[in-house]
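Assembly of the complex is requested from the two constituent chains, each provided in isolation within its own frame, with the hints serving as guidance.
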Amino acid sequence: MEQLIIPAIIAIAVAFFSVYGLTPFVIRALEKRNITVVDVNKKEKTMVARPGGLSIIVGMELSLIILYIFFPISEILAVILTTFFAFIVGIIDDKKTMGGWFKPLALAFCSAPILLLGAYDSNLAFPLFGTVQIPLLYMALVVFMIPIMGNTINSIDVLNGVASGFITIASFALSACLFIIQNYEVGIICLCLAFSSLAFYKYHKFPSKIFPGDSGAVTFGVVYGGIAIIGGVEVIAAIAILPAIINSFLFLSSVKKIVEHREIKNPVTHTDDWKLQSTSENHAPITLVRLLIAKKPLTEKQIGYEIFKLGIFSGILAIITAFMMGVNI
Amino acid sequence: MSLPLFSFIFAMWVLIIIGGGLMVVFIGPLSFSGDLDPLINSGAKVLIAMILIFIWVLALLKIKNWIFRKIVNP
Chain A
1 MEQLIIPAII AIAVAFFSVY GLTPFVIRAL EKRNITVVDV NKKEKTMVAR
51 PGGLSIIVGM ELSLIILYIF FPISEILAVI LTTFFAFIVG IIDDKKTMGG
101 WFKPLALAFC SAPILLLGAY DSNLAFPLFG TVQIPLLYMA LVVFMIPIMG
151 NTINSIDVLN GVASGFITIA SFALSACLFI IQNYEVGIIC LCLAFSSLAF
201 YKYHKFPSKI FPGDSGAVTF GVVYGGIAII GGVEVIAAIA ILPAIINSFL
251 FLSSVKKIVE HREIKNPVTH TDDWKLQSTS ENHAPITLVR LLIAKKPLTE
301 KQIGYEIFKL GIFSGILAII TAFMMGVNI
Chain B
1 MSLPLFSFIF AMWVLIIIGG GLMVVFIGPL SFSGDLDPLI NSGAKVLIAM
51 ILIFIWVLAL LKIKNWIFRK IVNP
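As given, the protein sequences belong to chains A and B, one line each in that order.
Mapped onto the numbering used here, the consecutive letters of the first sequence carry residue numbers 1 to 329.
Mapped onto the numbering used here, the consecutive letters of the second sequence carry residue numbers 1 to 74.
Okay, chain B solo, but in the shape it has when bound (with noise of 0.2 Å):
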């Protein structure tokens, strides 16, 4: 039983779970002033989903590198 792999598995849950809130919540609803063109708006927020999924791989990558570690040197 791989421990560390699971606490993986439950952490990219957490992280699905907080992501979704966050688009649902603040991106999705997200409206820029002025007459702006409605595809110019949702291409910023394209742009914000993908900055928040970069930092979303970055976090995994962390987490990856902590248990890989862990595996190897318990």
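Excised from the complex, chain A in its bound form (with noise of 0.2 Å):
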């Protein structure tokens, strides 16, 4: 434990302050570039850098080689790997919009890494009953988490600051899980991804200075889900997320079908005082969002506020989970 502790300090501070510093100067490359969008929830015409994906990159992938250094395994090549193929995918979707089956594929061959090099334990972890041996099918399983856990935070991604706070609530209880469990040196991966997002989220936060886009969110997920599988917290790492994988579900089930997040009806639109509120339109989809406002509008920052309320939720649950997986009965 004791020889954990120096090279988790660098690297948690390098994936920290490499994103910290680093992405004042994506803006501005950005900003000096046009490559901006319009912020919608603003009543005055904002435009937002968008994708912050290259900082998020650079200090995930800087902080983990940085691990991998000091511990040469396969578990953390295979998260270096798959997060930066995952980030390719990203910046694709970024740069041309494409269809809602190509994130979801090109992000399942992403997982390559992770198989090819065996950095999974094919035994599923489920509280008070123990573990179930599943070698075939958690092949499988990890070709569909990684893209399903990419996809989720990038569904999350709506408002200012909420994919960057989301996770990094939910890393800082996944890591805090995986202390509990004794997995020290994953509970360190995940610790270099909450601080990344944290510093993320200085500049994502509302008013937002910079998007993180599909890379940056897409990187978010990816790296969340290689933790979960190499880390053996598939369970307890699906529980943090709950909120997200409730929209994506409410989403899934009122679409009925796999799309661009960017193709769909706006499920909301605006009061007069610009506040969020429920859309009367029957065909726009079902969202947190969406269901956070059906009672009355609320601002875009109360939105953030009340689902991140839902995330610190969820991860005590994950927590309570973490402590059940000690327990048999």
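In case anyone wonders, no lab produced these hints; they're calculated from the structure.
Any given hint could turn out to be false.
As the list claims (entries may be wrong) - DSS-like, lysine-lysine: derived pairs with alpha carbons at most 30 Å apart:
#1 K70(B) / K275(A)
#2 K70(B) / K309(A)
#3 K32(A) / K301(A)
#4 K309(A) / K62(B)
#5 K62(B) / K296(A)
#6 K62(B) / K295(A)
Said to hold, decoys possible - Derived coverage of chain B by chain A (criterion: at least 3 residues anywhere in the stretch with Cβ under 8 Å from a Cβ of chain A; other residues may be distant):
#7 9-18
#8 21-30
To be verified - Quick list of the computed label-pair ranges, beta carbon to beta carbon:
#9 T299(A) / V46(B): 44 to 50 Å
#10 T271(A) / K62(B): 28 to 34 Å
#11 G130(A) / L58(B): 36 to 42 Å
#12 L61(B) / S74(A): 38 to 44 Å
#13 F179(A) / I53(B): 41 to 47 Å
For every residue, glycine included, the Cβ atom is placed at its ideal position computed from N, Cα and C.
Next up, the structure:
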């Protein structure tokens, strides 16, 4: 345990300060080249730099490479490669809006390093009841889990600061869970994710100076999914992001097909004082945001905080689940 | 504070734990009698697991509809 402390501090510091220091340069570079999008939830026309995935991937990869130098284990290498490939998929999607199936399929291929390097344990652990061995089925689970995690975090990236703030909460909760079950190395990787997303949140929070874009949101999701697989905490990781899973579930159950999120009808409109309210359009999808504002209109900032409260609640449930992992009935 | 949404998350958590229990206690150790190919044995277990997931999603849909109605018409 003691030998992990110095590498952990270095990797976490690199994850935080590289994203914190690099993002302003990325913002300026994007604004200079006019690579900006309209922030649709602002009264005045506001252009925001997008995508910010570059600073996120640099922060994540640098910290993971540092950890790999200290601990040359295949699990870290698998996350480094999977994350990099996922970032490439995200950048392609940022540059050119691809069809609804492009991202899930391309991200499924990104799981190859995890499978080829054997960086997984095919036992699926459940709280209270123990583990179930599913060697063949687990490989399929890996192929599904990477695109699902990438898309789930991407689909919650709808308002200022939500994706980065939410993944910060979820990854701090998952780190705590990994430390509870004494998986310290993977816990440190998860802390790197938590601190890099926290650094990005500084610029992404309301009012946003930069949006992560597909490249940023997918990178966050895929690192998170990779950590869940190599740490053997798939169930706990899913519990920690239940609000995002609910968002995807609500969306899919109302749209009933996989589509690019930019192709769908906006489920919210604005009041005169520019609060967000649920649309009366019948064909607009039901999303987490739409549920939050179904009763009364809320400001963008208020909705963000409501989602964070849900994230903290599911994070607490994940920590309770981690404690339950040690109990067998 | 949206209480129905917190309830929805809690219900999902309970369903995950119950579903996990069913997987470990019943489906995992399940072995069909006779000289059945292990692959067919695994395939049958996957099928049962898929049916359980289908029931799980149906339960969630029912809870979602109930919560949505509760939010819109409190």
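Quiz prompt | Contradicted hints - numbers only | solution = The structure conflicts with hints 11 and 13, although it agrees with all the remaining ones.
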